[in-house]
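Visitor: Sequence:
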Amino acid sequence: MAGAPVSPDVIIASELARVGNLDLEVNHGGCLPSDDAAECRRRISLALLWEAGYRFTHRHELFLANGRQFSRGGVKISGKHGEIGRAYYAKKYGSESEAKRQEARFVERMMHGMPPFTRRRWRGAVREIIAEAYEQADHYGLTGLARQDFFYLNERTRRLASGSHSAKTGFVFAPFLNPDYLRACFAYPSYEKTAFPFHRHIVSTNTPEWTSVPYAGGSEAHELSRSRSEALKAPETEDEGKSGWRRATGEGNYDSALYWKTTARPIIDECLRDDGFWTELFDPDLVRDRWEAAPQELAITYLLPHVLEEATVP
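Positions 1 to 314 (full-length UniProt numbering) are the ones given, in order, by the sequence shown.
Honestly, the hints are just simulated from the structure, not real lab data.
Here a beta-carbon is modelled for each residue, glycine too, at the ideal position from N, C-alpha and C.
Among the clues, some could well be false.
Stated by the list, open to error - FRET-style restraints, in silico, Cβ to Cβ: (1) 131 / 220: 34 to 42 Å; (2) 266 / 305: 29 to 37 Å; (3) 257 / 49: 20 to 28 Å; (4) 123 / 200: 36 to 44 Å; (5) 285 / 5: 35 to 43 Å; (6) 256 / 306: 51 to 59 Å; (7) 5 / 155: 26 to 34 Å.
Please construct the entire structure, taking both the sequences and the accompanying hints into account.
Guide: Here's what the structure looks like:
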């Protein structure tokens, strides 16, 4: 796996491997972006092509093991979709009453991830799309927090997880995406799923030695992450602008905000000089004042038409 040494995922996976006497290889540096703006631009362009379907899976390094290519008959076990049984949205709140109160504001909360410099007309259109998607749960008689669980299944799982699976070679086995598990999840009291009852049952039944290991999303894992982050904190350097962004911040493997202010800043400056497609979605005046709130979204939107123009179908 790849991730920062202070990441809860890495900490807990390492502990699970230790308890289970399993080998686990962790790449701590693989998640860092390039320290060159031109290379950063190239990587974003390749990622956009990958998402658009211009992918050659047999060339991707993740499908190679010890220098040999995985066979098409290889089986990969995926844990995706498991969040359906963990009350993905409701668990963000400290009590069931607070979760129920916030349910009425679900659409507005989904809008918080939109760049603040998005043009007003598109904000309204996106809000309508999210509201319509959220209301799909009504067709199945779902109410309350169960509507959020359905939104996760119908939107997040269908769009994000399915894209990840389709990019893999061989046979992908996703045990959480089966009718019995889904029926059990929706039959279970919504907020009680925040205690991970399904996952705890699966672990205690199959690998009881793991029952004492905390979950990566829990408070204990985050406290371990904070403690390790303090222990591994790098000393101050003279060149804060260039090397400072490499420092892990919280769960992040690097300081993304500082990275875009320094190393990747040329991409932003190029965007601000070009009245291109990005101005259709974003208000240029607002962007100049608030681009630091969502630099990645701005860069991706700016580069998208350039990538499509340069792309050639093999």
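Visitor: Could you run down the list of hints and mark each one as holding or not?
Guide: Each hint tested on the structure:
1. 131 / 220: 34 to 42 Å: About 37 Å separates the Cβ atoms of residue 131 and residue 220, which means 34 to 42 Å holds.
2. 266 / 305: 29 to 37 Å: violated (18 Å)
3. 257 / 49: 20 to 28 Å: holds (26 Å)
4. 123 / 200: 36 to 44 Å: Taking Cβ atoms as reference, residue 123 and residue 200 lie about 40 Å apart, which means the hint holds.
5. 285 / 5: 35 to 43 Å: For residue 285 and residue 5 the Cβ distance comes to about 42 Å; the hint holds.
6. 256 / 306: 51 to 59 Å: violated (22 Å)
7. 5 / 155: 26 to 34 Å: The hinted range 26 to 34 Å holds for residue 5 and residue 155, with Cβ atoms some 33 Å apart.
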